[in-house]
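Trainee: Use the sequences and the hints to build the structure in full.
Note that the protein sequences, when read in sequence, are chains A and B. Numbering-wise, the UniProt record's numbering puts 58 at position 58 of the first sequence, and it's gapless, one number per residue. Numbering-wise, the UniProt record's numbering puts 169 at position 169 of the second sequence, and it's gapless, one number per residue.
Since the hints were derived computationally from the structure, they do not count as laboratory data. Positions of the beta carbon are idealized from the N, C-alpha and C atoms, including for glycine. What you were told as hints is all true, and nothing was included just to trick you.
As a list, the in silico DSSO-like pairs of lysine-lysine whose alpha-carbon atoms are at most 30 Å apart:
id, chain 1, residue 1, chain 2, residue 2
1, A, LYS242, B, LYS190
2, A, LYS190, B, LYS242
3, A, LYS242, B, LYS242
4, A, LYS423, A, LYS102
5, B, LYS421, B, LYS437
6, B, LYS102, B, LYS122
7, A, LYS190, A, LYS437
8, B, LYS423, B, LYS102
9, B, LYS242, B, LYS190
10, B, LYS122, A, LYS122
11, A, LYS190, A, LYS242
12, A, LYS423, A, LYS104
13, A, LYS437, A, LYS421
14, A, LYS190, B, LYS437
15, B, LYS423, B, LYS437
16, A, LYS190, B, LYS190
17, B, LYS437, B, LYS102
18, A, LYS437, B, LYS190
19, A, LYS421, A, LYS102
20, B, LYS423, B, LYS104
21, A, LYS122, A, LYS104
So these bits of chain A aren't anywhere near chain B, every CB distance computed over 12 Å:
id, residue
22, THR2
23, PHE65
24, VAL75
25, GLN238
26, PRO240
27, GLY303
28, CYS418
29, ASN463
Protein chains: 2
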Amino acid sequence: MTRYQYLATLLAQRIEQGLWKSGEKLPSVRQLSAEHGVSISTVQQAYQVLENLQLITPQARSGYFVAPCKAQPPVPAMSRPVQRPVDVTQWDEIMTLLESRKDKTVLALGSGSPDLSQTTLKPLWRELSRQVQHNPDTVLGYDDLAGKAELRQQITRLMVDSGTLVSADDIVITSGCQGALSAALLAVCKPGDIVAVESPSFYGTMQMLRGFGIKTIEIPTDSCLGISIEALELALEQWPIKGIILVPNCNNPLGFIMPDDRKRAVVSLAQRHDIVIFEDDIYGELANDYPRPRTVKSFDIDGRVLLCSSFSKTLAPGLRVGWIAPGRYLDRVLHAKYATAGTNVPATQLAVAAFIRDGHYTRHVRRMRRVYQQNMEAWTCWVRQDFPDGICVTRPAGGYMLWIELPEQVDMVCVSRCLAKLKIQVAPGSMFSASGKYRNCLRINCAQPLTETNREALRQIGNVVYEALEDANTLTPPKAPV
Amino acid sequence: MTRYQYLATLLAQRIEQGLWKSGEKLPSVRQLSAEHGVSISTVQQAYQVLENLQLITPQARSGYFVAPCKAQPPVPAMSRPVQRPVDVTQWDEIMTLLESRKDKTVLALGSGSPDLSQTTLKPLWRELSRQVQHNPDTVLGYDDLAGKAELRQQITRLMVDSGTLVSADDIVITSGCQGALSAALLAVCKPGDIVAVESPSFYGTMQMLRGFGIKTIEIPTDSCLGISIEALELALEQWPIKGIILVPNCNNPLGFIMPDDRKRAVVSLAQRHDIVIFEDDIYGELANDYPRPRTVKSFDIDGRVLLCSSFSKTLAPGLRVGWIAPGRYLDRVLHAKYATAGTNVPATQLAVAAFIRDGHYTRHVRRMRRVYQQNMEAWTCWVRQDFPDGICVTRPAGGYMLWIELPEQVDMVCVSRCLAKLKIQVAPGSMFSASGKYRNCLRINCAQPLTETNREALRQIGNVVYEALEDANTLTPPKAPV
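Mentor: See the structure below:
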């Protein structure tokens, strides 16, 4: 972190903590420069960051003031999904979301795309182009079933950071994390089986369960601590659950990082009930704090955790490079991969391997962690300004997703239809529930740069939400939020 | 076809027909030049081709003679598989085959790889590199679920040649033909269902059935005409079959092209029994004759044929670009694709689309049809010279696979283990049967150039087969071939 960023974070914290109240004048640039022993321009840059975040406002010839701002909204309470196995629905809504990808004029705030505009990504496509030109035989031929050895080697090196020690032979390259989870589920489950998930839970994974005819049971989940171990234990006692899908680090959509003691607890619960854990670590490298959090797999002693991940969020989804460390299910996962997808594209694998080997990956991910954290702070601040009272907002520990819970009367499925007409796409919360719960919630992708377009889009979302709330209130008396 | 190739084909036909007997002297270069009104060098080139094919031998100062050669072996008879639904086995053998891919010193005659050395392929990787450099946003971002529109457009144009008229909206891009078939099966079938296949049948497809818990029933298949309509009808009357997988054009492994009346018959049979047809057209563009044969889909009137194909055999497998025209199952196929593999790599799709658009595809495929046909003739000739009597060999109408049936005593699984030590990989026939039949058969990939290394490899295969046959004969009295 550079000096001005450090200073900006420090000042932002003081504002959050109420050291300076709303409307109060902030210390002058000169004062801060002397107090912190930094240059005038460093303080100016820090103030610029806070201004961009709309935490402070400049006033001509009198300095900076704390922006008028509502109080920080609370985080969503523990979720309360239906506590029995159900079939996954909601495909139509997801198709609508996917269809809107085709229209490039739509602002895709509902998608899972990372920011692809950073210069630290440039060596990747230079490398991709180089591989194609200098290595045509390998690039055009069939890949090994497990994927390119050089890439698997590099992945094992990266995994050390999360306390996960596996050899390259224990890794299988897949087409993104979707390919990894799909091979994992096919290797372990059969139709009619029951798999537990966090609630809310990523819609892509749930549609996969639907595709394979697997029933799902949604487990209450805390927006800061993750899945309720107690509720999971109760469900395990009550139902013949085959496995559990967890996104324990930088959860999608809630953004939490499960504390280590809970990760340990869930592993020992899995052992006691002899079930498997499907761990989705796709956002794990994008935790705000470094070193990155441990995986659940790092607590696994008997190979029952199938760790799935990909470079779709850290680098670029168009690479379709993911992987799985399937523990004791290696042979079955290889068969499942062969049976569903065959082999992968060698070119993108070789490019990623070289990108990691040459140190570009570490540099890029370090930058993205910072960028996404700043973005999320700014978007949270915007949400606070633009949305009605009575909302709850997550405080993500990483990744780039914000989950907003609106008053119960607001139907985000309807709101998102109105927004579609304005060429703004958001992900309504119901997609994140097997049975269409969370209709009053939405997930916003904060990966995109802090531009005036994005600022304006959020303002429009706020307006439509306000209208929906007013309409609902004229029809029905207001209720307390969920 | 150039002049000398035309002449070579004509002369080869006359030798095959017995116009000139084994050991007989052929007309002089001058005579042929006068007879056919072509230049001396054209005749010399034609004779060179025949010499390379080992159909003729030069003798110093006396001209060319018909090479001593065994009679053309017969084609394999109609297959006689087990006539009831079974679970697919044989995964271990396939893993052995796939594992040997890793060792680049192994001569992969058992693989399905096309010839990637032709210069007509060069514009493809130039285009791939160009896309990466000039189109990074599209290349790095998420693809549309159905795949790139420009590619789907080009594919509909190509499909007209096979009498198949579909719109770009009716096509879904997949990760190779494996991805297409996998989405098709998942969209239509559930575990426990029964699907009929030709016998022998491509092992990859059968392992997919195994992966999805689908039972398979192998239907007797003629090595020239394809699946027995009568046997299929009997099976449909006897078992609750959900669908049938066909490779009607340039079948893998038998090389036949199903006559049009049989294609029509199988479609009307499917209508009568209300089942679906999964058509695998991956080698269809590589038929010896032009225009290419029609697809079964071209006879489909009510959307029950799911046509699956890819560019893995015509261009390069490392692209992982396949597609499906799923007829009435479009929505379910889209969901199945989303659930198992997610989206595809945009870069290779855009490169292929440009390659077709600019006319390179037609040029390349035209060349490859000729190259593969010549290769197969040469390899057939080599097989005749190197293998024991009593074998049957297919006469493929396209593609680049040769299927050889050896005397019943030969166990190709054992032979292939011996060959593995010599760094030669072949595909034993048992992989092509759900229950491990065809142990006395093998499939050879003839896509590779007619080099001395390949010639020597086939000689070594012949030697090991001879040894295996002798060993078997000393242990048990010889039996008639199947």
